[in-house]
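A.B. asks: Each chain is listed here by its residues.
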Amino acid sequence: MNFLLLGHQRGGTSFFLDLLRHNSNVDTINEPFSMHIDFFRENEETWSSNEYDKGYLHKLLQDKPNTQSFIKELALWMNSNTERVVGIKETALFEKYYWLVEALQINKTVILIRDPRAVYYSVIKRNMQNSWWKYKDKLIKYYDYRGIDVDSELEVVCNLIKNRYENLYKICCDDSKDILTIKLEDILESTDYYMEKVMNFLGLTFDSCQKDFFSKTQVETRNSTYSNYRKKEDVLDEWKRNIEKTDREKIDRIFEDINIRFKYI
Amino acid sequence: MTEYLRISTLDLNTYREVWQKNHIKQDIEKALVEISIIQEDKENAYLIKVTDRLITNDWFCKFLNCSLVNYVPGDTYLFFNCINQDNVIRYDVESGMYYVKRGYENYPVQGVNWYGALLFSYMCDGRLLTELEYENIVTKIDTNLINYGNLYGFTTDVNKFPPNELNIYDSMGNLRVWCMDMYSPNCKNVCNKSTELFHNTYYRVVKGNAWDKTDIHLNKYLHEGKWPRVGTMGIGFRVVFSEYPINFC
Chain F
65 MNFLLLGHQR GGTSFFLDLL RHNSNVDTIN EPFSMHIDFF RENEETWSSN
115 EYDKGYLHKL LQDKPNTQSF IKELALWMNS NTERVVGIKE TALFEKYYWL
165 VEALQINKTV ILIRDPRAVY YSVIKRNMQN SWWKYKDKLI KYYDYRGIDV
215 DSELEVVCNL IKNRYENLYK ICCDDSKDIL TIKLEDILES TDYYMEKVMN
265 FLGLTFDSCQ KDFFSKTQVE TRNSTYSNYR KKEDVLDEWK RNIEKTDREK
315 IDRIFEDINI RFKYI
Chain H
88 MTEYLRISTL DLNTYREVWQ KNHIKQDIEK ALVEISIIQE DKENAYLIKV
138 TDRLITNDWF CKFLNCSLVN YVPGDTYLFF NCINQDNVIR YDVESGMYYV
188 KRGYENYPVQ GVNWYGALLF SYMCDGRLLT ELEYENIVTK IDTNLINYGN
238 LYGFTTDVNK FPPNELNIYD SMGNLRVWCM DMYSPNCKNV CNKSTELFHN
288 TYYRVVKGNA WDKTDIHLNK YLHEGKWPRV GTMGIGFRVV FSEYPINFC
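Protein chains in written order, with this note's numbering: chain F, 65 to 329; chain H, 88 to 336.
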């Protein structure tokens with residue numbers, strides 16, 4: 065059995081994937097597309113399942129033999145393991161979800177949601193919008209940016225996140241696929257209940273090694289970008305303490321629809 | 088072993104020529120430690136020489152610049168993940184050369200997949216550690232002198248902490264290591280067993296602890312495998328020289 069974990073950058077997906085991985089029956093790979101293949105970091109164009117080609121995978125990958133072989137080997141890895149549950153995590157590619165399901169023959173999908181305002185705060189705090197992820201370029205190239213001040217970092221980051229959350233929401237609403245949507249905040253507040261739910265979805269149980277990992281990583285915040293060590297209160301509340309009031313009003317407005325849909329307000 | 092290297096014999100011979108001019112092997116030979124390996128089901132021990140430190144960025148960068156193929160911009164890598172931009176070995180498109188971010192030369196190389204680690208070792212006329220050999224090179228550890236658990240937020244210089252009593256640096260921290268062994272959840276030390284070998288190309292054994300892992304990985308007997316195609320930021324490798332035959336598949 066295999067699974068795909070999707071969630072936005074700075075949405076707690078690395079921690080959540082490590083939490084899953086600590087179950088001895090689970091094996092995972094972290095972002096095989098966006099951290100291992102140039103093309104998928106740059107391209108945010110929507111691909112449908114019909115665009116999947118068995119030979120070259122997608123017409124835009126025809127001249128990329130190493131990428132083709134990488135993805136085909138990944139699909140073999142994901143579908144050859146009868147002893148364990150194997151999964152990959154991606155913080156991008158929401159818009160290519162249906163192509164991805166075809167290319168990798170995905171069985172189950174877990175979507176991890178975090179309050180988009182917390183995601184915004186974490187992106188800005190680490191200046192990710194100006195790193196290789198190029199938030200402004202992506203917004204302008206792949207989404208409707210009419211009415212958005214593209215010189216405002218707040219507007220660029222919030223609107224890119226909003227568009228991606230809308231793509232995630234469409235996936236969450238698809239009854240034809242085996243999908244579980246879970247909130248990071250729920251995992252942190254009621255760990256046993258929600259982790260049991262996730263693990264049962266994957267045909268497993270929340271085991272002692274996972275519980276051990278969870279409790280050890282909650283003791284203190286070690287503040288490097290990809291650290292698993294974060295106190296619950298910091299994850300849940302740091303953004304509330306640190307976003308200025310005027311910014312907060314703008315952010316609340318941009319995320320209003322998405323927050324209603326995901327029941328954050 | 089060459090069947091696992093994923094490059095043509097022609098490329099391999101060209102690599103060798105350039106490689107020999109770069110004297111990397113001679114540098115590595117200066118960093119070897121001799122260790123006796125005790126086998127679990129045999130009376131006889133055997134000797135290996137192993138690099139006292141994880142293979143560094145400086146060494147691996149020179150290796151990449153000897154290589155003809157690793158990466159075509161816009162595509163993906165074969166041996167070394169230069170796409171993850173947290174990696175301190177960078178590819179310069181204009182010159183077609185790799186370089187190490189200043190100050191990180193003596194840090195351990197990250198982002199090398201199992202095939203890249205094996206190819207590097209092969210060019211030195213060596214190989215990777217077996218799982219059993221790894222367990223032999225780890226002795227008593229002081230958890231205050233290990234880079235793990237995100238205490239430093241990244242890897243550290245391969246000589247930052249004192250070596251263990253066998254003179255091995257970073258035996259249980261900084262980066263985990265790729266091993267020769269194929270991985271199966273129920274079978275350990277495949278390379279050091281004379282029993283019938285199974286064939287599972289989807290996993291290779293990974294041992295040890297890393298800068299970003301917790302104390303759960305402080306157990307040297309922890310038996311884990313990883314997809315060998317992937318070059319991640321938590322795995323490095325050492326090179327081993329030994330006359331002793333292993334069952335490699």
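Warning: the hint list may mix true and false statements.
No more than 20 Å apart at the CA atoms, straight line, and that leaves these computed lysine to aspartate or glutamate pairs for EDC-like [claimed, not checked]: (1) F/LYS136 / H/ASP162; (2) F/LYS172 / F/ASP239; (3) F/LYS123 / H/GLU222; (4) F/LYS295 / F/GLU313; (5) H/LYS300 / F/GLU284; (6) H/LYS300 / F/ASP239; (7) H/LYS275 / F/GLU166; (8) F/LYS234 / F/GLU166; (9) F/LYS295 / H/ASP162; (10) F/LYS241 / F/GLU253; (11) F/LYS189 / H/ASP173; (12) H/LYS108 / H/ASP212; (13) F/LYS280 / H/ASP302; (14) H/LYS188 / H/ASP145; (15) H/LYS300 / F/GLU253; (16) F/LYS280 / F/GLU249; (17) H/LYS307 / F/ASP256; (18) F/LYS314 / F/GLU297; (19) H/LYS275 / H/ASP212; (20) F/LYS198 / H/ASP173; (21) F/LYS198 / H/GLU222; (22) F/LYS304 / F/ASP239; (23) H/LYS136 / H/ASP162; (24) F/LYS118 / H/ASP162; (25) F/LYS275 / H/ASP302.
Because the hints were derived from the structure by calculation, they are not lab data.
A.B. asks: Are the hints correct? Go through all of them and say.
C.D. replies: Hint check:
no. : hint                : result
1   : F/LYS136 / H/ASP162 : holds, 14 Å
2   : F/LYS172 / F/ASP239 : holds, 12 Å
3   : F/LYS123 / H/GLU222 : violated, 47 Å
4   : F/LYS295 / F/GLU313 : violated, 26 Å
5   : H/LYS300 / F/GLU284 : holds, 15 Å
6   : H/LYS300 / F/ASP239 : violated, 37 Å
7   : H/LYS275 / F/GLU166 : violated, 35 Å
8   : F/LYS234 / F/GLU166 : holds, 17 Å
9   : F/LYS295 / H/ASP162 : violated, 39 Å
10  : F/LYS241 / F/GLU253 : violated, 28 Å
11  : F/LYS189 / H/ASP173 : holds, 17 Å
12  : H/LYS108 / H/ASP212 : holds, 15 Å
13  : F/LYS280 / H/ASP302 : holds, 9 Å
14  : H/LYS188 / H/ASP145 : holds, 10 Å
15  : H/LYS300 / F/GLU253 : violated, 23 Å
16  : F/LYS280 / F/GLU249 : holds, 18 Å
17  : H/LYS307 / F/ASP256 : violated, 29 Å
18  : F/LYS314 / F/GLU297 : violated, 24 Å
19  : H/LYS275 / H/ASP212 : violated, 25 Å
20  : F/LYS198 / H/ASP173 : holds, 15 Å
21  : F/LYS198 / H/GLU222 : violated, 44 Å
22  : F/LYS304 / F/ASP239 : violated, 34 Å
23  : H/LYS136 / H/ASP162 : violated, 37 Å
24  : F/LYS118 / H/ASP162 : holds, 18 Å
25  : F/LYS275 / H/ASP302 : holds, 14 Å
Checked against the numbered hints listed earlier, the structure breaks hints 3, 4, 6, 7, 9, 10, 15, 17, 18, 19, 21, 22 and 23; every other hint is satisfied.
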